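Undergrad: Here are the chains, one letter per residue:
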Amino acid sequence: MGETGKEEYKIQSFDFESQKLLKTALKDPSNVDLDKVANVIVDQSLKDCVFSKEAGRICYTIIQAESKQVGQSIFRRSLLNRLQQEYKDREDLRNRSLQAWICYVTFICNIFDYLKVNNMPMMALVNPVYDCLFRLAQHDSLQKEEEVDCLVLQLHRIGEQLEKMNSQRMDELFSLLRDGFLLQEGLSSLSQLLLLEIIEFRAADWKMTDAAQKYYYSEVTD
Amino acid sequence: MKSFWSVGHSFDDMFPQIIFFPFSFTTPEGPGPLSRCLDWATAVEEDEMRTSVNKEIARYRRKLLVNEFSRERKSSSGSSDSKESTVTVELETDEVVLMRRQKQINYGKNTIAYDRYIKEVPRCHRIPGVHPRTPNKFKKYSRRSWDQQIKLWKVALHSWDPPAEEGCDLQEISPVDLGEMETESIGSNSTESQTSCQDNYDACSGTPTKVRHIDCQAEGEFDLEACLSEPLKDLNTVS
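Protein sequences appear in the order of chains A and B.
Numbering (this note's numbering) for the first sequence: 1 to 222.
Numbering (this note's numbering) for the second sequence: 1 to 239.
Where hints are given, some of them may not hold.
[To be verified] Partial chain B-side listing against chain A, Cβ under 7 Å, derived:
{"id": "1", "residue": "V44"}
{"id": "2", "residue": "E48"}
{"id": "3", "residue": "E68"}
{"id": "4", "residue": "F69"}
{"id": "5", "residue": "S70"}
{"id": "6", "residue": "P163"}
{"id": "7", "residue": "A164"}
Hints in this document: simulated from the structure, not taken from any laboratory.
As the structure is a computational prediction, the values presented were derived from the model and not from experiment.
For each residue, glycine too, the CB sits at the ideal point set by N, CA and C.
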């Protein structure tokens, strides 16, 4: 697979043994311990935010490969089990390491985005993903720029899909965001900006308008 | 409650794409008894099976339509039938039933015997009545009748078991006459009974399975002997 494989799946940060393991999983899934592969991937995604942003892709490929080769879904099962386990202990995770918590949210959202089942998102993940986003919209999380940034990023990527699956919860989430924007003390200006941008983004039906692009993303001309 | 099905691809070029919207994915009610599982992996697997089954039923309906269409064409030259030849066959559409049946079929297909069977006898070479045929999950059958069909089908598949050191008694039986079974419909059998002989079949008989699948929902060991010796005369009630 060579260098392109590394870049495509962003596995540069894995140690050599793990990289070998992953490459085998991609080509010959029946000859690896897929449970181990799943754990290697989840472990790494809790450490490396760059990887967790795109981990869905490699997971998807392994799932397809396994399905094609042996018609099973052991890898997917292991992956989801581990994901669910981390979800159950997410509060502890956040207390232990903010960074790992952020990586986790990024990862689960990426999985939601990539791992479609018969072209539909996995129903089982809808509420858990919402739960994570709701957590990020709590007072203590809004105080932290990294968490606001994570929240906004996920909504950009999967907000529209998520809303289709359950619009009521999206309404509730945005109520919290509006409240946060207006009432929360101690919000940094960056956080305020991020929140305002996402509120506008959703109001524009999850699209970037020219005006918003110009305001939020263009260089200031003097 | 019926759900609408989505058909993403056209399986043959004769028919235009038919697109329905899958209600079951957006309603909060969810799929009912199937959503009792709390673990994500199982929930996803069941969702996957449900959408596959829904696609299959759409495809099967179209197949029936094609057959009917071509039959009507043949008899269009004013033959005996003056009325409409549209025989609306009632299909099994209950998701819960279809998925249970699909699971039972999967257990049977997930065996080395089945693998060997399909390699040895391609579909075009199958002789009805001699070669086992997968029961059709879309046809209306009583629970009892269906379970019996599955059992007999799996028994028949045993003929393709790989040669083992400890011979399995069942390898000696001759192929069952499945011809009659295919045409059987509801008849006078009682409908959905809660307790039925479930799929611990493999545990009793030692049929080598390819993989131990996670969700072997054991509903108690069943008595293989009793099932095989059950009066086959039940199947003879032709409707």
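Undergrad: Against this structure, judge whether each hint is valid.
TA: Here's how the hints hold up against the structure:
1. V44: holds, 5 Å
2. E48: This interface hint holds because 5 Å falls under the 7 Å limit.
3. E68: Not OK, violated: E68 (chain B) not within 7 Å of chain A, min 28 Å.
4. F69: violated, 28 Å
5. S70: Given a least distance of 30 Å, the restraint on S70 (chain B) is violated.
6. P163: violated, 23 Å
7. A164: At about 22 Å, which exceeds the 7 Å cut-off, the nearest Cβ of chain A leaves the hint on A164 (chain B) violated.
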